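*Asks:* Sequence:
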Amino acid sequence: MLLLCYIDGKFVKPEEAVLPISDLIIQRGVGVFEALASINLKPLMLTPHMTRFINSAKSSCIVNIPDVEFMKNIVREGIKKVGRDVRVRTFLTGGDAFDAEKGCFESPRFFVLFEDPGFITPEEFEKGMTLEPIRAGRDDPAVKSTNYRMTFQLPAGASDVLYCPNGEITEAGHSNFFLVLKDGTIVTAPLNRVLKGTTRMAVMELLKEEGFNVEERCPLWPELSSEKTSEAFITGSIKMVVPVVKIGGITIGDGRPGKVTRKIAELYKKHIEKWLE
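Using my numbering, you'd call the opening residue of the sequence shown number 23 and step up by one each time.
The hints are simulated quantities; they were obtained by calculation from the structure and are not laboratory data. These numbers come from a predicted model, not from an experiment. Where is the CB? At the ideal position from N, CA and C, for every residue including glycine. Some hints could be false.
Straight-line C-alpha distance at most 30 Å; calculated DSS-like pairs for lysine-lysine [said to hold, decoys possible]: (1) K64 <-> K94; (2) K285 <-> K204; (3) K94 <-> K80; (4) K268 <-> K281; (5) K291 <-> K218; (6) K291 <-> K250; (7) K80 <-> K32; (8) K292 <-> K102; (9) K250 <-> K218; (10) K285 <-> K296; (11) K291 <-> K204; (12) K124 <-> K149; (13) K80 <-> K250; (14) K149 <-> K292; (15) K218 <-> K102; (16) K250 <-> K204; (17) K292 <-> K103; (18) K204 <-> K149; (19) K64 <-> K124; (20) K35 <-> K94.
Now the in silico label distances, taken between C-beta atoms and shown as ranges [as the list claims (entries may be wrong)]: (21) G140 <-> E232: 47 to 57 Å; (22) E91 <-> A178: 23 to 33 Å; (23) D205 <-> G125: 48 to 58 Å; (24) S44 <-> E295: 39 to 49 Å; (25) Y170 <-> K102: 24 to 34 Å; (26) E190 <-> E37: 17 to 27 Å.
Let the sequences and hints guide you as you build the complete structure.
*Replies:* Right, dumping it as structure tokens:
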């Protein structure tokens with residue numbers, strides 16, 4: 023549920039927030055965004071999120087981006103105004119026109135949504151997630167664009183898509199993906215193939231501190247077999263660390279959250295304070 027919006031230089035009620043139909047985020051889907059959570063009224067990994075936000079905008083030829091400290095302050099102020107933990111989504115739109123001569127979108131609109139966080143419950147963690155494989159990849163993994171159309175094409179029971187171009191597993195629709203092989207090796211796609219996840223960054227740090235063997239390569243579809251894989255999990259800003267128990271018609275491991283996933287989820291929550299800003 024939407025709780026508060028920032029648009030046109032002010033905080034307003036959700037029903038008062040409007041965008042002109044001339045904006046290219048409406049007409050052509052041109053826009054980028056970020057989604058982050060607050061914990062104890064502090065934004066989680068705000069700097070990495072805003073860095074990625076700016077990089078996504080630049081890669082999309084959006085210029086005249088607001089100052090990063092200004093945007094950070096809007097996020098903090100909005101969280102304070104709501105008065106409880108929220109999910110924050112920041113947006114930069116394509117604005118009203120594309121300057122063909124300069125090759126850029128010169129008049130972006132910046133707006134922010136503050137919503138109920140929708141954190142994963144203990145019951146949802148124990149149930150685990152089912153992912154629906156699709157034989158495609160995202161257009162540009164380095165850009166967090168507003169085009170999430172593929173993630174809505176889900177059969178009953180599936181929570182998200184899993185991009186599997188040419189038999190390689192890259193990422194889920196909203197999260198980074200990790201496969202735990204039976205020999206204990208953890209495999210996750212390299213950053214040149216996927217979005218640079220902020221939770222991925224933190225989890226990679228924890229995995230290395232704990233002495234896990236981590237391979238940064240795309241997991242292969244045949245590795246999902248019960249002979250090779252013991253468990254899988256995804257990481258995301260709102261989901262944090264969540265077990266994956268089924269991919270399409272394939273049951274992962276014994277179909278329950280595995281011990282590695284549980285350990286990483288616990289470690290992440292234990293150390294989360296150091297990533298609050």
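*Asks:* Quick one: which hint numbers does this structure break? Sort them smallest to largest.
*Replies:* 12, 13, 19, 21, 22, 26
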